[in-house]
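With the hints as extra help, turn the sequences into a complete structure.
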Amino acid sequence: MKRVYVNEAWCLGCHLCEYNCAFANSGLDDMVLALKGRPIYPRIHVEEADKITYAVSCRHCEDPICVKSCIAGALSKEDGVIRIDQEKCVGCFTCVLVCPYGALAPNKDGVMQKCELCLQNTCGEPACVKGCPNKAIVYEERGEAL
Amino acid sequence: MGVEFIYPEFEVIRNEARCITCRVCERQCANEVHSFSEARGMMISDESKCVNCQRCVSLCPTRALKIVKSDCVLRENANWQNDTIREIYKQASSGGVLLSSMGNPKPLPVYWDKILINASQVTNPPIDPLREPMETRVYLGKKPEKIQRTADGNLNCDLPPQIELSMPVMFSAMSYGSISYNAHASLARAASTLGILYNTGEGGLHEDFYRYGSHTIVQVASGRFGVHEDYLEAGAAIEIKMGQGAKPGIGGHLPGAKIVGDVSRTRMIPEGTDAISPAPHHDIYSIEDLRQLVYSLKEATAYQKPVIVKVAAVHNIAAIASGIARSGADIIAIDGFRGGTGAAPTRIRDNVGIPIELALAAVDQRLRDEGIRNNISLVVGGSIRCASDVVKAIALGADACYIATAAVLALGCHLCRTCHTGKCNWGIATQQPDLVKRLNPDIGSERLINLMTAWRHEIMELMGGMGINSIEALRGNRLMLRGVGLNEKELEILGISHAGE
Chain A
1 MKRVYVNEAW
11 CLGCHLCEYN
21 CAFANSGLDD
31 MVLALKGRPI
41 YPRIHVEEAD
51 KITYAVSCRH
61 CEDPICVKSC
71 IAGALSKEDG
81 VIRIDQEKCV
91 GCFTCVLVCP
101 YGALAPNKDG
111 VMQKCELCLQ
121 NTCGEPACVK
131 GCPNKAIVYE
141 ERGEAL
Chain B
147 MGVEFIYPEF
157 EVIRNEARCI
167 TCRVCERQCA
177 NEVHSFSEAR
187 GMMISDESKC
197 VNCQRCVSLC
207 PTRALKIVKS
217 DCVLRENANW
227 QNDTIREIYK
237 QASSGGVLLS
247 SMGNPKPLPV
257 YWDKILINAS
267 QVTNPPIDPL
277 REPMETRVYL
287 GKKPEKIQRT
297 ADGNLNCDLP
307 PQIELSMPVM
317 FSAMSYGSIS
327 YNAHASLARA
337 ASTLGILYNT
347 GEGGLHEDFY
357 RYGSHTIVQV
367 ASGRFGVHED
377 YLEAGAAIEI
387 KMGQGAKPGI
397 GGHLPGAKIV
407 GDVSRTRMIP
417 EGTDAISPAP
427 HHDIYSIEDL
437 RQLVYSLKEA
447 TAYQKPVIVK
457 VAAVHNIAAI
467 ASGIARSGAD
477 IIAIDGFRGG
487 TGAAPTRIRD
497 NVGIPIELAL
507 AAVDQRLRDE
517 GIRNNISLVV
527 GGSIRCASDV
537 VKAIALGADA
547 CYIATAAVLA
557 LGCHLCRTCH
567 TGKCNWGIAT
577 QQPDLVKRLN
587 PDIGSERLIN
597 LMTAWRHEIM
607 ELMGGMGINS
617 IEALRGNRLM
627 LRGVGLNEKE
637 LEILGISHAG
647 E
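These protein sequence lines map, in sequence, to chains A and B.
The numbering of the first sequence is the numbering used here, which starts it at 1 and goes up by one.
The numbering of the second sequence is the numbering used here, which starts it at 147 and goes up by one.
If you are wondering where the hints come from, they were derived from the structure by calculation, not from laboratory data.
In this text the structure is predicted, and so the values were computed from the model without any measurement.
Possibly wrong hints are sitting among the right ones.
[To be verified] Below 25 Å or equal to it, Euclidean Cα-Cα: the simulated DSS-like pairs (lysine-lysine) are:
id, chain 1, residue 1, chain 2, residue 2
1, A, K51, B, K195
2, A, K135, B, K569
3, A, K51, B, K569
4, A, K2, A, K108
5, B, K569, B, K215
6, B, K569, B, K195
7, A, K77, A, K2
8, A, K130, A, K2
9, B, K444, B, K289
10, B, K212, A, K36
11, A, K130, B, K212
12, B, K195, B, K292
[What the hints assert, rightly or not] Listed next, the stretches of chain B that the computed footprint assigns to chain A, with coverage defined by at least 3 CB atoms under 8 Å from CB atoms of chain A:
id, region
13, 151–165
14, 170–184
Glycine included, C-beta positions come from ideal geometry on N, C-alpha and C.
Put into structure tokens, the structure is as follows:
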């Protein structure tokens, strides 16, 4: 399946992916209205250390440990995409503990959220990929099992 | 402060209503103009460090930024202009030679803009390049004087070595060191895909790029940095650099700070040492000396590769070119006074050399008059900005053009003209790893290919309009050109008639 991949060699650490993600999932069509003057809750995070930077988001694992661990049945796999039903999430943080990539995090209301490849919003394609100025983030089929 | 204070040249205008304090501007500015003030809860800027490279403007997701020229200026004076006075202040403060980058920005005449191209009407039909074949392929190198046959009557096809180009444009010399690894990777990959050549400049050829050798011109300049047998063998042609349009008569100086890691290894000099290219080649003081180097290089490469001699356009260019044509060189490259550079003394860049249009016309005419035009191909550079400049250059007598400023613009350069600081925010003129990675060669090479493809289409459109279907038929065809607003002398040198004639 097509996944979001990050090539560390081209990641600038500009953090634009985080802002594009937060905007795409805001439900608003005005970035300023969506993001100005408030903390953002992106579903992709830029990891930084010693001048190395790269963005990390959900890997959509073949055998997702988060789905197995969810005590409320909120996480599920649909056509290879790991999705979360926020109505069911009880905020127990088990998924946060088990995910080796740190791909799950609570939103502003304490409910878990994660990258769903922008399939659930109006962006059409992953906003982080679309907005990456150096093509460090790509959305492609690599035919590998994760 | 006080007498040394110079008001910043640019102002950073931030639309507070739009700024979402994402800090992209702060992270992307190597000059450290932007910062986030926790106390004020907003982005602030120190515009004294701004070079107007527009990196922040281009990456701001809400278009909250613009950079404008400061309107805090000294009292108007047509003689003592603001820039002149600022330069005096700078020198009074530093005691140093002023440095500049990229081409001459002064409002000197651009003859391309005073030359117009012909088109066919009624009596000779134009050609539609979308429907009919149109040839933009050129071959550079010595051409035979006449058709020769072997004893059994067959054509003698043994030609001196030629370079084949899919279109009459090449990427001119920019060294690895002056520009980044990723800029070189972009140029090499684009040249290979396009079927044209790029030029190493005087910095050697990085080991990773030997595989693009068949689309590489390897340069031998006065410092002889990075020159060895494999290097000479790697290229499709060898260029002897005698001069550069941006700084005729002087050498080069890549500061030790840029001689790091692979740059040091590729140049074959120790890390941290300044790479100083002397003004002259210390073994060349005459055409005869030049001939020795030309033949040394030919001998070293078994006479399989054309040798280019690159010179800056200077006053006696026609006589110099005539000498080069007799030196055994296959191609002469002439660089006009508007050519770019990674660093040059300002006074030299802005005041030395002559326009390429006049140099080209004078050289082509001189070589024709002396009956030696076939001995040598003619490549011109020094601010070829667009497809119509290429067409005009070909019609004035060039075989091909060299472009570099246009190429780096395609790579993202915003012509802020501060390459000499080594902090290029676009990842081109820098060796700082965090900045170099900003230029992804996947994007860079694609943009270069796009640019050249677009130019090739435009060249074909312009040729078709003239009723010409082969670039060979356009070369030196000055009847296809007319001047506007030029005086008699200028028209005489350019060898063209005035519009209306």
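Hint check:
| no. | hint | result |
| --- | --- | --- |
| 1 | A:K51 with B:K195 | 23 Å, holds |
| 2 | A:K135 with B:K569 | 22 Å, holds |
| 3 | A:K51 with B:K569 | 16 Å, holds |
| 4 | A:K2 with A:K108 | 29 Å, violated |
| 5 | B:K569 with B:K215 | 21 Å, holds |
| 6 | B:K569 with B:K195 | 12 Å, holds |
| 7 | A:K77 with A:K2 | 14 Å, holds |
| 8 | A:K130 with A:K2 | 15 Å, holds |
| 9 | B:K444 with B:K289 | 17 Å, holds |
| 10 | B:K212 with A:K36 | 19 Å, holds |
| 11 | A:K130 with B:K212 | 23 Å, holds |
| 12 | B:K195 with B:K292 | 62 Å, violated |
| 13 | 151–165 | holds (count 3) |
| 14 | 170–184 | holds (count 3) |
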